[in-house]
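Undergrad: Top line first, the protein sequences correspond to chains F and H. First residue of the first sequence? That's 7 in this note's numbering, and the numbers climb one at a time after it. First residue of the second sequence? That's 1193 in this note's numbering, and the numbers climb one at a time after it.
Treat the hints loosely; a few may be bogus.
[As the list claims (entries may be wrong)] Not everything, but these chain H residues come out facing chain F in the computed CB check (under 8 Å): (1) A1204; (2) Y1208; (3) T1272; (4) C1274; (5) S1275; (6) E1276; (7) V1280; (8) Q1294; (9) I1298; (10) N1327; (11) I1350; (12) L1361.
[As the list claims (entries may be wrong)] Calculated lysine to aspartate or glutamate pairs in the EDC-like style (CA-CA distance at most 20 Å, straight line): (13) F/K71 x H/D1396; (14) F/K254 x H/E1300; (15) F/K71 x H/E1288; (16) H/K1348 x F/D61; (17) H/K1363 x F/E368; (18) F/K364 x H/E1245; (19) H/K1263 x F/D232; (20) H/K1348 x F/E49; (21) F/K71 x H/D1370; (22) F/K364 x H/E1288; (23) H/K1205 x F/E80; (24) H/K1363 x F/E366; (25) H/K1263 x F/E231.
For the record, the hints were derived by calculation from the structure and aren't laboratory data. All of these numbers come straight from a predicted model, not from anything done at the bench. For glycine and all other residues, C-beta sits at the position ideal for the given N, C-alpha and C.
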Amino acid sequence: MQVTNKLTPFFENLNFDRDDNTMVINFGPQHPSAHGQLRLVLELDGEQVVKAYPDIGYLHRGIEKMAENMTYNEFLPTTDRLDYMAATSNNYAYALAVEKLLDIEAPRRAQVIRTMLLELNRILGHLFFIATHALDVGAMSVFLYAFREREFALDLMEDYCGARLTHSAVRIGGVPLDLPDNWLENVASFCDKVDYEIDHTYNPLLQENRIWKMRLEDVGIISAEDALSWGCSGIMLRGSGINYDIRKEEPYELYSELDFDIPVSDRCDSYGRYRLYIEEMKQSTRIIRQLVPMYAETSPELMAHAPQYISAPKEEIMTQNYSLMQHFVLVTQGMRPPKGEVYVPTESSKGELGFYIKSEGEPYAYRLKCRAPSFFHTGLLQEILVGTYIADVVTIIGSTNIVFGEVDR
Amino acid sequence: MRKYVPKDSVQAKSYYTDRFWVAPRVPRLTVEDEHFLSVLDALGDDSKESYIEVGQLVIHIEATDNLRIIKKLKEECGYTQCSEQSAVDYLAQDGEFELFYQLLNINEAKRIRVVCRIKDGQAIESIHPLYKSANFAEREMFDMFGIKVNNHPFLKRILMPDDWEGNPLLKTYPLEGDEFASWYEVDKIFGKEYRDIIGPEIRDPAHIDREDSKRFSRVGYEVPFGSEVAEAKSEQEIEYSKTLLVNYNSKKSKILDERR
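Can you make the complete structure from the sequences, with help from the hints?
TA: The following block contains the structure:
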């Protein structure tokens, strides 16, 4: 323990009582590159990291506890606060888990809209990754360009649901709204814009950029065994050469009908993962383009027809007494799903986002566990940071693409 | 007989209950899938109960054998990833925790859930030697439920502060936090002697402070913005609620017998 007085003040960064000459530094929780509220305690030998200890919990809001005290529909807007870069993917993952529990399926038009929103949110999340990762590494202008495109995507979200950050654009059993006028034309032109900007802005700025490659290549190497063992998913898994995408392997929504590729990189480093993010954005625009003509072929139902769980359409409520009674019960008490448990994984922009729901037949979930990809990617930091240099720490944190709303929940 | 309700559970309960209503159950199907059958063959007598629920195989095992059985699943059946693990609190009903391990087979794209039950206070063996994702997941389980994990490399609270008392996801832990939680920050930052000066934390989002003339106006008469309300007290005090929030689950509200 340090003996402090006025002449020798307390040095919180130094370990005086150890003889191995390492320095302990505290990274975060208020560091601009900590992606929110990550506190990372690093033990350094010179500039090399000897030990890393990610300390989380600074954004813990008890969302799983709240889920036990809210009815199923009440909880849906809370899921926005998980991965707030792409809120609809959380809404969707939750809604899908409840739908699997209820054994209902959203109507075709709702599925088309949902899949489009999911891919739009994937682009939102990936653009944010490119922007902040480049900013962390030191490329300021990419941040500005990526946020310009992100703004167009946010405008599309705003057109659809009125919100830019916390969308709540999906409901249990479908979607609340039909697409507004000209939305399909706008989303198609947005796809063109994203593709154009990838080829003419991001790739020329980054892909062969000497500094960018020097900072990213062979930095943050994750072997395939490590990626599996630490529970990595999404691009963290595909960046290590394992071809697993839940959209392809366990298809949900319309992904089984769509034609898209899963980019995989066996570089295992930050550069490979960065390339995957760019490629995935291209695949997302490809998916949205296929969905645009599918919309016209659908009938206008937006919510599943299961009046004991989901309020009937307004015409029925206003004309049939029993529908009105059911609707009243659903609004005042909430739906009561059957007893049982379900775990439903979805591929969000960060990785495998899954909801485990245990229902005891009450309007409140008995237990809800949100399987957040970033939580496990944060755990991985304590292994991959060891042996790297302090200058690469920020690159590696950025490359894992963690969002703290999701880590702490 | 009246239906048993756990008395110490503070989870939100539905206000209206129908005692003749029986909740349906998600169908538990028999295992027909070839891959899942081979998994059950490999396990043999280790699986106490197994069924398919919403497309995933659920296997109930003995909690003391968890490491051995999951090792078998990993090495013989190809379940190379543990995507999630946590617990469910059944202390009030059975005095037990239900633990689940959500495993994924990447090659077959199949998921199974391994379920086991432990008594209150019983420890579970860590699966960290098999899956490093258990490092964080088991720490979270320890933090949220107080379940001890044997042979975990670094069993320590993860989301809550180290000096926290209580385990937030237990059914006996209130949503707004307990007595300890309401004084935690005051005690830690200022010290216990400041409790009287600062007062308890107000966790009611709809709290009304009638002395605060900047954000609230007086009922019955008005005072200038920002002035001291105490000076302008009238002789006839009007009763008001200290909150705008209506607590429907409050014990004060009565349900008439004929409505039950």
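Undergrad: Next step is simple, just say for each hint if it's right about the structure.
TA: Comparing the hints with the structure gives:
1. The restraint placing H/A1204 at the interface with chain F holds, with a minimum CB-CB distance near 4 Å, inside the 8 Å limit.
2. Interface restraint check for H/Y1208: the shortest CB-CB distance to chain F comes to about 6 Å, inside 8 Å, so the restraint holds.
3. Hint status for H/T1272: holds, given a least beta-carbon distance of 5 Å to chain F, under 8 Å.
4. Taken as an interface hint, H/C1274 checks out: its beta carbon lies about 6 Å from the nearest beta carbon of chain F, inside 8 Å.
5. Look at H/S1275: its Cβ gets to within about 6 Å of chain F, closer than 8 Å, so that hint holds up.
6. Among the interface hints, the one on H/E1276 holds; its C-beta lies about 4 Å from the nearest C-beta in chain F, closer than the 8 Å criterion.
7. Proximity of H/V1280 to chain F holds as hinted, the smallest CB-CB distance being about 4 Å (cut-off 8 Å).
8. Among the interface hints, the one on H/Q1294 holds; its C-beta lies about 6 Å from the nearest C-beta in chain F, closer than the 8 Å criterion.
9. Residue-level restraint check for H/I1298 holds (minimum Cβ-Cβ distance to chain F is 5 Å; threshold 8 Å).
10. The restraint placing H/N1327 at the interface with chain F holds, with a minimum CB-CB distance near 6 Å, inside the 8 Å limit.
11. The beta carbon of H/I1350 comes within 6 Å of a beta carbon in chain F, closer than 8 Å, and the hint placing it at the interface holds.
12. Annotation: H/L1361 was flagged as interfacial toward chain F, and the flag holds, the nearest CB pair being 6 Å apart, inside 8 Å.
13. Only pairs whose Cα atoms come within 20 Å are accepted, and F/K71 paired with H/D1396 is accepted, the gap being roughly 17 Å.
14. At roughly 12 Å between alpha-carbon atoms, F/K254 and H/E1300 fall within 20 Å of each other, so this suggested pair holds.
15. Of the supplied pair hints, the one linking F/K71 and H/E1288 holds, its CA atoms being roughly 19 Å apart against a limit of 20 Å.
16. Distance restraint check for H/K1348 and F/D61: the Cα-Cα separation of roughly 11 Å lies within the 20 Å cut-off, and the hinted pair is therefore satisfied.
17. Between H/K1363 and F/E368 the alpha-carbon distance is near 15 Å, which keeps this suggested pair within the 20 Å criterion.
18. Among the hinted pairs, F/K364 with H/E1245 is consistent with the structure: their alpha-carbon atoms are about 12 Å apart, no more than 20 Å.
19. Between H/K1263 and F/D232 the alpha-carbon distance is near 17 Å, which keeps this suggested pair within the 20 Å criterion.
20. A hinted pair counts as satisfied when its Cα atoms are at most 20 Å apart, and H/K1348 with F/E49 qualifies at roughly 19 Å.
21. The hinted pair formed by F/K71 and H/D1370 meets the criterion: a straight-line CA distance of about 14 Å does not exceed 20 Å.
22. As the CA atoms of F/K364 and H/E1288 are separated by approximately 16 Å, the hinted pair is consistent with the 20 Å bound.
23. For the hint pairing H/K1205 with F/E80, the CA-to-CA distance comes to about 14 Å; that is within 20 Å, so the pair holds.
24. Only pairs whose Cα atoms come within 20 Å are accepted, and H/K1363 paired with F/E366 is accepted, the gap being roughly 14 Å.
25. Of the supplied pair hints, the one linking H/K1263 and F/E231 holds, its CA atoms being roughly 16 Å apart against a limit of 20 Å.
Checked against the numbered hints given earlier, the structure satisfies every one of them.
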